[in-house]
Amino acid sequence: MKLSVVLNEGPYQHQAADTAYNFTRAALAKGHEIFRVFFYHDGVNNGTRLTTPPQDDRDIVNRWSQLAEEHDLDLVVCIAAAQRRGIVDEDEQKRHGKDANNIAKGFRISGLGQLIEAGIQSDRVVVFGD
Amino acid sequence: MSILHTVNKSPFEKNSLETCLRIAMEGSSVLFIEDGVYGAVDGTSLNGKLSDAGNRLKFYALGPDLKARGLSENSVMNCVEVVDYDGFVDLVVRHDATYACL
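Chains as they are written, first to last, in this note's numbering: chain Y, 1 to 130; chain P, 1001 to 1102.
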């Protein structure tokens, strides 16, 4: 079955960041297709490559990137939420004249249309967060 | 249309479970996740409401979230089935839609 996941919460702040990851991994292991994972609101903070958690803690950002590489996942960060929170890719860096970018590997910045499309194209959409 | 309602807050913190029980239609299910698993515990003031809804709704609780809170699988009400993440995925597939009750 074709599933999409929406994550509305940031890492190390709300359990939803873990629940969404565990659910996505379980769905992939069962052979389902993950059409898209959409990061919205504080969820966009899962898309920075600059986090350095302690070595004995889970690396919430990096494990998304790893999962994306293994399963060719489409990890989409909402552009308006990202701009507000300082999640920047190369295009956004140029467009807004910023001195750096921080988007993590496997993530891309796009708009709410991607969420709408996920709703249309997927058999189920599961939302995590408040 | 069967809907899987997820509840992620303790009923002693927010009223999302009560809202969920009010709006959930016959044949739907409620899955307790994160702090929501406290709503599935046996011997609380919420038990009556769950039992009353038990003949029209099915109840599930996410096992890893029970364990993370020091709750054993035996501590939940009889009407609640404990599932793991695989079971969570199966529930999403088995229902027509998933709705996060906030």
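Calculated from the structure, these hints are not laboratory results. Heads up, the beta-carbon is just placed ideally off N, CA and C, and yes, glycines get one too. Incorrect hints may have been included.
Keeping only pairs whose Cα atoms sit at most 30 Å apart, straight-line, the calculated DSS-like set for lysine-lysine is [what the hints assert, rightly or not]:
#1 P/K1009 - Y/K2
#2 Y/K94 - Y/K2
#3 Y/K98 - Y/K30
#4 P/K1009 - P/K1049
#5 Y/K30 - P/K1014
#6 P/K1014 - P/K1049
#7 P/K1009 - P/K1067
#8 Y/K30 - P/K1067
#9 P/K1049 - P/K1067
#10 Y/K2 - Y/K30
#11 P/K1014 - P/K1067
#12 Y/K30 - P/K1058
#13 P/K1058 - P/K1009
#14 P/K1058 - Y/K2
#15 Y/K105 - Y/K94
Not the full set, but computed from the structure, chain Y residues with beta-carbon under 10 Å of chain P [to be verified]:
#16 N101
#17 N102
#18 K105
#19 G129
* Restraint check for Y/K30 with P/K1058, where alpha carbons must lie at most 30 Å apart -> holds (23 Å)
* Straight-line Cα separation of P/K1049 and P/K1067 no greater than 30 Å? -> Since the Cα atoms of P/K1049 and P/K1067 sit roughly 24 Å apart, the hinted pair holds (cutoff 30 Å).
* Hinted pair Y/K30 and P/K1067, Cα distance within 30 Å -> holds (23 Å)
* Asked: Does P/K1009 pair with P/K1067 here, judged by a C-alpha cut-off of 30 Å?
  -> holds (16 Å)
* Is the hinted pair P/K1058 and Y/K2 satisfied, with a Cα-Cα distance of at most 30 Å? -> Roughly 24 Å separates the two Cα atoms, so the pair holds.
* Restraint check, 10 Å cut-off on beta carbons, for Y/K105 near chain P -> Nearest chain P Cβ about 25 Å off; hint violated.
* Holds or violated: is there a CB of chain P closer than 10 Å to the CB of Y/N101? -> Interface hint status for Y/N101: violated (31 Å vs cutoff 10 Å).
* To do: Measure nothing beyond the straight line between the CA atoms of Y/K94 and Y/K2; if it is 30 Å or shorter, mark the hint as holding.
  => Given pair Y/K94, Y/K2 is violated - Cα atoms ~35 Å apart, limit 30 Å.
* Asked: Between P/K1009 and P/K1049, is the straight-line Cα distance small enough, at 30 Å or below?
  -> holds (16 Å)
* Does the nearest C-beta of chain P fall within a distance shorter than 10 Å of the C-beta of Y/N102? -> violated (28 Å)
* Asked: Does the nearest C-beta of chain P fall within a distance shorter than 10 Å of the C-beta of Y/G129?
  -> This hint holds: Y/G129 lies near chain P, its Cβ roughly 8 Å from the closest one there, short of 10 Å.
* **Pair hint P/K1014 and P/K1049, alpha-carbon separation not exceeding 30 Å** => It holds: about 15 Å lies between the C-alpha atoms, which stays within 30 Å.
Hints 2, 3, 5, 16, 17, 18 from the list above are not met by this structure, while the remaining hints are.
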